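Chains as they are written, first to last, in my numbering: chain A, 1 to 318; chain B, 1001 to 1579.
No lab work stands behind these hints: they were computed from the structure.
The structure displayed is predicted, hence computed values, not measured ones.
We put the CB at the ideal spot given by N, CA and C, even for glycine.
Among these hints, one or two may not hold up.
Stated by the list, open to error - Listed next, the stretches of chain A that the computed footprint assigns to chain B, with coverage defined by at least 3 CB atoms under 8 angstroms from CB atoms of chain B:
| no. | stretch |
| --- | --- |
| 1 | 115-127 |
| 2 | 213-221 |
| 3 | 268-277 |
| 4 | 293-307 |
Said to hold, decoys possible - Some residues of chain B that are not near chain A, with every Cβ distance over 12 angstroms (derived):
| no. | residue |
| --- | --- |
| 5 | W1009 |
| 6 | T1021 |
| 7 | D1128 |
| 8 | E1144 |
| 9 | A1193 |
| 10 | P1296 |
| 11 | K1299 |
| 12 | S1303 |
Said to hold, decoys possible - Okay, derived cross-link-like pairs now, DSSO-like style, lysine-lysine, Cα gap no bigger than 30 angstroms in a straight line:
| no. | chain 1 | residue 1 | chain 2 | residue 2 |
| --- | --- | --- | --- | --- |
| 13 | A | K202 | A | K250 |
| 14 | B | K1194 | A | K290 |
| 15 | B | K1247 | B | K1299 |
| 16 | A | K157 | B | K1156 |
| 17 | B | K1220 | B | K1156 |
| 18 | A | K82 | B | K1131 |
| 19 | A | K301 | B | K1247 |
| 20 | A | K50 | B | K1158 |
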Amino acid sequence: MEAMGDQLILATGGYDHTIKVWQAHTGNCIKTMRFVETSQVNALDRTPDKTRLAACGYQCIRLYDLESNCTAPVINFDGVQKNVTRLGFQEDGNWMFTAGEDHHVRIWDMISAPPHCSRVFDCESPVNAACLHPNQVEIGMGSQNGNVFLWDVKSEKHECIVPEVDASIQDVAISPDGHYLAAANNKGNCYIWSLCSSPDQKMSTMRPTKKITAHSRYILRCKFSPDSRLLLTTSGDGTACLWKTSDFSKWRELSIENYWVWDAAFSADSKWLFTASSDGVARLWKLETKTPTREYTGHTKAITALSFKDEIIRKVNH
Amino acid sequence: MATYSNQHWLLSHIRNSFISTDDTGMCETVMLSDDMPKHYLRKFNSSAGVESHRRRPLKPPLVSTQTERNIRHPDAPMQEVDFVCYPGLDLSDDEEDMSTHSFDIQMYPEVGAHRFRSNTAQKLEKLDIAKRRAARIKSINYNEEVQPPDDKDFFKRKEIPNIKPNISPKEKKSNDDELSDEGVQSMLTEQLAKSPKQTQNKFVEFARFDGTSQVGMQTKRINVYLNMLPEPDRNYPLKVCVLSTAKIQEVIGFVCYKTSQQYPDVPLKSLQHYGLYMTEDNDDMEDFPPLDNREPCSKFGFSHLTLAERRPLAPVTRVDYPGQLGTKSMTSEDDKANLADAAVRALKNITLNGGAADPGGGATGGGGGGGGDESPHDNVKEYEKRLLNHNDMLEAPMHRSFRLNIIDKRFFKSDVTLGISGERIEIDQYKNAKFWPQKKPVSTPIDAVAHCEIVERRQLKALLRIWLKSNSSSSSLPSGCTSAPINASVTTLNTGTGSSSAGIAHSPSSPGNSFGFFSTTSNIRFKHYDFDTDTHTAEQIHGKLNCILEMRSSELRREFLQQRERKLERQQVKKQLKL
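Pulled out of the complex, with its shape left as it was, chain B reads as follows:
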């Protein structure tokens, strides 16, 4: 109970409670930047760190702090009493994460609504239902004794009318591949003739996600409001039962299938036009983006959803962190916050651009079956392309690791894992690498990364270069496995792609091509790592990393690009001078 008087604890608690009871899967996006407890803690720590030296010997009187506690000055610096850190929470980043942010807490949706009943009560009820059901089922004993029928005519032989002679002449007439018509028509033939082929449901492939009466499979019941229906119908949800394993995309397909059965007159578009939106049970659609198509429906706890045409420019629901080798990265909230800001900025840009560039888009989405649904094809394409970029941008900060070769001492290669996330890049020697002594992994904050480029492209292989701020002067970063090549290439800036000797791009110290770079305006030095990998991976890394860097639009990157430009200019001047 004592903890309820602790602001930090309360803030953390509220935040955690929100996250752990959130059905939407949205919290990670929404709350990414708002870890207030952490902000306060950080502020408190920094102010405390400064003041503690001064204050400790002075021992300020208790009275003054108490008054301050009661009358809070909005701009007053953070005081110890203002924000008492919960003991044990001011540890290092990682440990702290463990204690305050329990993302693994799984809450059942039942909790809160009503408590679980005991197992016995549930079992008894089940038995009761089974009994009642059994009462309606007639039971026959399979092994009972044989009672021959009393009635002599119980088994009655039936004469089979002989129809054979009628057929033979016809059969002779027909050729080998044709069976003669006996002159009858069945009900099925008639009904099939009445229903042309088109009536075959185009969503029929999703019928298999039907969860009704499935035995031994998890199913999920959802009430879905159908936004495309006319007024009275759309207020009543369609009740569906789907397999829990169905992805949202498949749920949409199944709902479309059901809809087309129930409302055969309502024209449905193809699947990608629709999204499932969160909804209150009074069928008010909420302003969130639709659920992620790729997620299994079991992930979401909603009882009510709305199927509606996708709103333009809101296609992404959440950023998820595929944890290949990496951690489920919710560490270092500060970096995250920056990143989220950057992402939001980027999104705003897109939105603005989109609104201006695509006047048809508004009509298509907003109309909801108005006149604009026949938008030109390239419009759609353009839209899709934008979605793609949009997705790229959101996915870029997710941790992902690649396996490639680092080029060590100019020609030795060693197998490494390169991990890239929105916070840092990490290079770790691959564990099973033979011959070479194990080297320490290197971790570089993304702030220190300036640029990524593909310097050389061959048929299958590519040479990838990542430029970093050289920290030869500062000692804050560990210098690990590649210290030798780093030193070799520090202070050089290679413009391999542009210069004449592109062929030996990974030779930063080759005389014709390297320049010491001591700019007058800034003395930032850059170093680079070279990697050898296949073209596809190289492009992926190139795209991902530059996407992250562009979103952050850091000083460092600008500096790097400026330096490079100046250098190019200088080269050109040199060339001209030579000429």
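Just chain A, with the same shape it has in the complex:
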């Protein structure tokens, strides 16, 4: 096995109970790790230092070491109930959040040994999605009964909005510039709020801004591009749509016909997009031309989660 070095890697996981690590630019599989035999992979995220990969699924949360050849996890969570739907790291890797169908979003202190839980938020309904605000203290959450929460982990205050009744929130996203919060539901609608933070460092306030009828079916993920100029929605209708955040008009539509597009990730310059779909293939799209440039084949079943950490290497002078 090649050393990870500073090569860019893409991690994918899915219904075949494996997590695969790919060399992003060639499409070669570098490493395959066993996940839990009884679980799909719901979400993947890498620690900010890129050495570890966290994965969550049904009754499990695991962290893998990407630098060793060992394919067994280095950290395993015991006693997890139900599905853990999302996880993510604070930008310094100090803490990790997990959201689960046990109604709770937990904050895990990862710098103390052993790691322990330092905050819990009860959403009173299975939590389908959670994301971290770029200010590193607020967490946006979406639950199965249709609530969208914004929770300040520092002050432990929160705000709750129900954009649409009888719809389950499938994913939430906050733009990297901190201007927007998006929540997508199982009816194919995507709601956008403007976030305003007051100068006295209190919690952001949410102001309804836009509703997009994005897809005809289930939305699985929504995400903002690193430059905050694009909003992505992936759906069970076999498409991934890109919306310009300037006016929330549709900019591009990527299609993987007859398959669900489960997850996606942008490159740091927002020019490329990785998609994970139920045909077991991850794809890299050049957004400008909507052309699939690379395919990552190897999974035997649907890919439901992916993680890609890119970096800006230089400014181009105009």
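Guided by the hints, dock chain B onto chain A, whose structure is given.
Leaving out everything else, chain B in the frame of chain A:
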């Protein structure tokens, strides 16, 4: 233990042991013709049958037989003492097969190497491994109590730099379909730019047969030597782990995929150029043909294989018997033996012809990446075509059944199954056929079949005719369902295709067209069955049956064709006379 002194038993035992422990899947091809125990048994039976009448009353003295036993005359006829048949093995063909040839015996490769350990030992070891592994894994209790952070600054609010104003003017400038460049480039963009599209692996579709870390799926580890690598590398195998369900073809694809990753500088050809060959663990390739592409890799028990360019003219590994309706046909070894001989003869022919006809072929295959790898296209085609014929020939003797209509009493049709194998053809009325009383199935040894032809071709339907030796004089064959039309057409030889009245081809007794045929040289009579089926099936049957017949090149067939030729001649003479 007593059986160890019995030659017949020993021979059978050795043969069975070989077959049951054979990993190669080759034994069926190799041993097809060599059932020595059976040969001996047959010889013994026939000699015993003749002698028993004479000998029994005489009761030859015991002494003489014992001497004979010790001093064996090579040419002496088979004696009872020479070959004592194992009791119960001299039954009829089918039953005997059941008892001496247990092809269903499945042996595990572990047997012989070392015995199975007990379940408990295995379980204990597994537990131990799990425990050791767990020791390295840090465990966190998900439900533990919340401990708020001690440090006030554990959650620190971060200021988000406001970059917005910079963008707006640019955005306005760009048109609707173009997102303005923020002036940054990511590592991915750079790396993609460095690796052009071609680097995308052409074998990438086989990546999904990767068996490493698969959960809940059977996998298989194989060490594959890569024949196309330069000298030092080719001596070390590539270790691959594939899904057990992968076919050999897919394993080859996966090995190519792995190879192209590990040795990016080695040019690989397309998939069909390569085959997996059996290999000793010291990487000596064996002289067997490559493994069959269509077989799942789980079928073979090898730990070491070699990926090499396919050698020309050795593309077929084994004959398998798709058992649609038929039996897994290892019956009647004698017929088989004949057939195998015929096949071998046919193959020899091909080899000779091939060597002569295709001088480029030797260079292509033997060179292994020499100058000859750019062989002309038609050469390849020709080669493929030959492979096809070759395969046809080998597959022809396999049992296969077809459903079609037999034409009974000239216009009644009934639904039948026609089974064709290298040994016999069988006609059985289809079970669900209504209205007609169930008739007995007919089985005809292939020796009695003379020819098969398509007499009439319409848009979709075709009329197929199979010519057999008529056995109206001999009673050895059962005369079953089609006795009436057989009688009607016995002694007639219809040249429907050639003659003027081809339209009513299935009317052997129509006056203008039928000839009694009592040749002076031989009094073989022929009868025929007519079948009505779709063109495709007819062609399949036609091809298969004639392939079998040609391989056997029997007297009967020659006789039939000669008769027909003579008849044609006579017709022509008649015509000329008329003119």
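Unsatisfied constraints (hint numbers, rising)
2, 8, 9, 13 and 17
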